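Listed below, chain by chain, are the residues.
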Amino acid sequence: MAEQSTHEAGGAQAHASKATYWLIALILGILTMLEVAVFYVPLLHSVIVPFLLVLSAAKFALVAMFFMHLKFDKPVLTTVFAGGIVVATVIILAMMLLFGAIGPGAGM
Amino acid sequence: MESHATTFGVHNRKMAMWVFIASECMFFGSLIATYLSYEGKSLAGPTPREILNIPLTSVSTFVLLMSSLSMVLALDAVQSGNRRQARIWLGGVIVLGGLFLGGQVFEFNHFYHEGLTLQQNLFGATFFVLTGFHGAHVTVGVIWMITLLVMSLRGKLGPDRGLDVEVAGLYWHFVDVVWIVIFTVVYLIQ
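As given, the protein sequences belong to chains A and B, one line each in that order. Numbered according to our numbering, the first sequence spans residues -16 to 91. Numbered according to our numbering, the second sequence spans residues 92 to 281.
Treat the hints loosely; a few may be bogus.
[Claimed, not checked] Pairwise CB distance ranges (calculated):
id, chain 1, residue 1, chain 2, residue 2, range
1, B, 140, A, 59, 39 to 49 Å
2, A, 55, B, 138, 26 to 36 Å
3, B, 251, A, 83, 26 to 36 Å
4, B, 247, A, 28, 21 to 31 Å
[Claimed, not checked] Restricting the straight-line Cα-Cα distance to at most 30 Å, the calculated cross-link-like pairs of lysine-lysine (DSBU-like) are:
id, chain 1, residue 1, chain 2, residue 2
5, A, 57, B, 132
6, A, 54, A, 1
7, A, 57, A, 1
8, B, 247, A, 1
Treat the hints as calculated values from the structure; they're not laboratory data. Quick caveat: nothing in here was measured; it's all calculated off a predicted structure. Glycine included, each C-beta is placed from N, C-alpha and C at the ideal position.
Chain B extracted, bound-state conformation (with noise of 0.2 Å):
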C-alpha cells in the first residue's frame, strides 16, 4: 500500500497519527492539570497516600514499558519481513497490555471497596477521570494489536504493511510515555 508524501517529505498517515498525539498531548495536559490543581482539596479522604498501592503500580509501569519494547520489536519484524517474529512480539504487546489492565481494574475494584469513588471527593473525581482515560486508551491500543496480529495470522501483514505498524505503534507508545508522567505526578509526588 503507498502512501502519498506530504510536503514534509512523511507520510501523511505518519503526519495524521503526530498531529493526533500533538491534541493528545494537550488533552492529557488537561486533564493532569485538572488533577495537579485539586490535589490536596479532599475535603473527605480517602487520600492518595492513605490508598495507592505503589508496588502493584510500579510492576504495571513495568509492564507497560516492556510492551514498549515488544512493540518496537514487532515493527522491525514486520519491516524486515519475519512474520513469525513479528506475531510472537504483536501478541507479547497484547498479552503486556491486557495485563496492564487487568492490573487497573484490580485497582479500581479495590478503590471502590476502600470507599473511593468519582462522587466521594477530589481526588476520586479527578484520579479516576485521568487514570480511566489512559485506561480507554490502553484498551483501544489493545484491539488495535490484536487487528494486527489477526492480518498477520492471515499472511497479510508483510513489509508492505509497515506504515501500518508504526503508525499502531506510535500510539502504542504515547500511551506508554503519558503513562509515564501519570505515574510519577500521580503515584509517586503525593
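Isolated chain A, as found in the complex (with noise of 0.2 Å):
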C-alpha cells in the first residue's frame, strides 16, 4: 500500500496515503456486511461466535493500524494500547468466570 510522509509540529510521522483509507474504509464496509449476513444464516449458527470474533478483531486491528496510525507510529503507542485491551479482556473473562457465564459452572 502506498505510504505518503507527512510533517507535524515536532517531528516527523508517515502515515497512510487517501487511497489507502478509502480502501480501509470499504474492506471495514464488506467485513460489517459479512456478520450481518452470518446472523441471517441458520446453517452458520454453529459457528457464529467464533466467526463474529474474528471479524470484529479484523475491524478493531484495521482502525487502530490505519486510521489511529499505530503501524505508523512509535511502538510504544501499541504497548500502551496494547496494555488497555488485556486488562480490560481479563477483566471481562474474570467477571464471567465469577458469574457463570464461562467455565465449569456455565448456564446453571
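Once you've looked at the hints, go ahead and assemble the two chains, each given alone in its own frame, into the complex.
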C-alpha cells in the first residue's frame, strides 16, 4: 500500500495515503456486511461466535493500525494501547468466570 | 504550537491521549464484562432477541465507520494545509456522528415504549448503561469536532495545529472501535 510522509509540528511521521484510507473503509464496510449476513444465515449459527469475534477483531485492528496510525507510529503507543486491551480482556473473562457465564458453572 | 517530546519521542499530548484511551479500554471492558455476566439472566422481558433491531444498528455501525474515514481525511487535509477539504471532512464527521446519535435516540425511545427501561430487568440495566456511556462519548466527540470546525472557519486550524486534530481523531477512532466490539457482543452474539 502506498504511503506518504507527513510533517507535523515537532516531528516527522509517516501516514497512509488517502487511497489506502478509502480502501480500509471499503474493507470495513464489507466486513460489517459479512457480520450481518452471518447473523441471518441459519447454517452458520453453529460457528457464529468465533466467526463474528474474528471479523470484529479484524475491523478493530484495521481501524487501530491505519486510522489511528499505530502501524506508522512509535511502538510504545501500541504497547500502551495493548496494555489497556489486555487488562480489559482479563476483566471481561474474570467477571464472566465469576458469574458463571463461562467455565464449569456456565448456563446454570 | 510546539509540544515538548517525551523520552519516548512522542508528543506529551498524544501520549496522554493514548494513556487515556488505555484507561477507557478498562472502563468499557468493565461495562462489557457486566453486560456479558448478566446476559440471559433477566427474570422478565423484553429480551435482546425480542427487541434488538439488527438492520437499524447495522446502518448505524456503517455510519460510524464512515465517520472514522471522514476523520482521518480531515486530519490529512489539515496536515497538508487544505482548509476547504478540512472543513468538508470535519463537517462530515459531525453529520455522521449526529446521525449515529439520532439512531441511538430513536432506538432508546423505541425500547422505552416497548417496556425496556433501566429498571425493567438485568438486560435493560446493563444495555442502557453500556450503550448510553458510549453515546455520551460520541456526543463529546461531536462537540469536539464542532469546536475544530469553528476553529477552521475562523482560519485558526492550519498545518501547525495538526496535533490538535490528530489527538481529537484518536478519541473519535477509539469511540468507533468500542462500537465495533459492542455491535458484535451485544447485537450479533445473542
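To see whether the hints hold, each was checked on the structure:
no., hint, in the structure
1, 140/B x 59/A: 39 to 49 Å, "holds (43 Å)"
2, 55/A x 138/B: 26 to 36 Å, "violated (44 Å)"
3, 251/B x 83/A: 26 to 36 Å, "violated (55 Å)"
4, 247/B x 28/A: 21 to 31 Å, "violated (54 Å)"
5, 57/A x 132/B, "violated (44 Å)"
6, 54/A x 1/A, "holds (15 Å)"
7, 57/A x 1/A, "holds (21 Å)"
8, 247/B x 1/A, "holds (24 Å)"
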